[in-house]
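Trainee: Turn these sequences into a full structure, and let the hints steer you where they fit.
In the UniProt record's numbering, the protein residues as written are 1 to 132.
Quick caveat, the hints were computed from the structure, so don't treat them as lab data. Treat the hints with care, as some may be off.
[Stated by the list, open to error] Below, a list of computed lysine-lysine pairs in the PhoX-like style, where the Cα atoms sit at most 25 Å apart:
#1 Lys62 / Lys120
#2 Lys62 / Lys36
#3 Lys36 / Lys86
[Stated by the list, open to error] Label-pair distances were calculated between CB atoms; the ranges are:
#4 Asn31 / Lys78: 43 to 51 Å
#5 Met114 / Lys86: 24 to 32 Å
#6 Val30 / Val125: 54 to 62 Å
#7 Val37 / Gly113: 36 to 44 Å
#8 Leu130 / Tyr56: 16 to 24 Å
#9 Gly76 / Val30: 44 to 52 Å
#10 Gly76 / Trp33: 39 to 47 Å
#11 Trp40 / Arg132: 41 to 49 Å
#12 Gly122 / Glu50: 16 to 24 Å
Where a beta carbon is used, it is the ideal one built from N, C-alpha and C, also for glycine.
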Amino acid sequence: MPTWSQRNIINWVRLYEPDWTEPNSGSDGVNYWANKVLLWDALSEDLPTENTIGFYGEDLLKAVAMKVESNENSTGYKKAESLISKMLAQRVLQKITHRKGLTHSLHCRTLLGMPENYVKDGDPVTFGELLR
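Mentor: Encoded structure:
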């Protein structure tokens with residue numbers, strides 16, 4: 001049995017088969033796409049932190065570990081404040097992933113699992129504490 005992604009690819013291919021693209025065939029892939037397929041910005045909806053600060057786990061860890069009383073003019077502070085305020089305002093559930101071996105950098109969950117980072121996301125007076 002094909003996996004979920006393989007089935008979706010097969011369904012997308014059906015929209016481009018000749019009987020769907022012929023103008024007078026009774027099925028029109030372009031109109032089906034325009035009227036029946038729901039599209040949304042998956043990056044901002046599903047990965048809000050990556051959309052704001054990038055795809056590096058180190059940057060997310062730095063943002064949540066940053067002290068709220070830090071230098072408000074620094075770019076790191078502005079990014080962290082923007083990230084946390086968006087997450088709190090939109091009631092976001094951010095998935096913190098391991099992604100071991102899938103990328104060239106360590107992701108936030110892998111970094112939080114290291115002994116030196118155990119409490120960084122919940123230290124007092126940090127942006128991470130605001131999220132908790």
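Trainee: Does each hint fit the structure? Answer for all of them.
Mentor: Evaluated hints:
For the hint pairing Lys62 with Lys120, the CA-to-CA distance comes to about 9 Å; that is within 25 Å, so the pair holds. A hinted pair counts as satisfied when its Cα atoms are at most 25 Å apart, and Lys62 with Lys36 does not qualify at roughly 42 Å. For the proposed pair Lys36 and Lys86, the alpha carbon gap of about 30 Å is over 25 Å, so the pair is violated. The supplied range of 43 to 51 Å is met by Asn31 and Lys78, whose beta-carbon atoms lie about 45 Å from each other.
Taken as a hint, the range 24 to 32 Å holds for the pair Met114 and Lys86, whose Cβ atoms sit roughly 27 Å apart. Judged by the Cβ atoms, the range 54 to 62 Å given for Val30 and Val125 holds: they are separated by roughly 55 Å. Val37 and Gly113 have their C-beta atoms about 39 Å apart, which keeps the hinted 36 to 44 Å range intact. Remark: the range hint 16 to 24 Å for Leu130 to Tyr56 is upheld by a beta-carbon distance near 21 Å.
Separated by about 46 Å at the C-beta atoms, Gly76 and Val30 satisfy the suggested range of 44 to 52 Å. Checked against the hint of 39 to 47 Å, the C-beta distance between Gly76 and Trp33 comes to roughly 42 Å, which is consistent with it. In this structure the supplied range 41 to 49 Å is violated for Trp40 paired with Arg132, their Cβ-Cβ distance being about 29 Å. Judged by the Cβ atoms, the range 16 to 24 Å given for Gly122 and Glu50 holds: they are separated by roughly 21 Å.
Consistency with the previously given hints fails for numbers 2, 3 and 11, ordered from lowest to highest.
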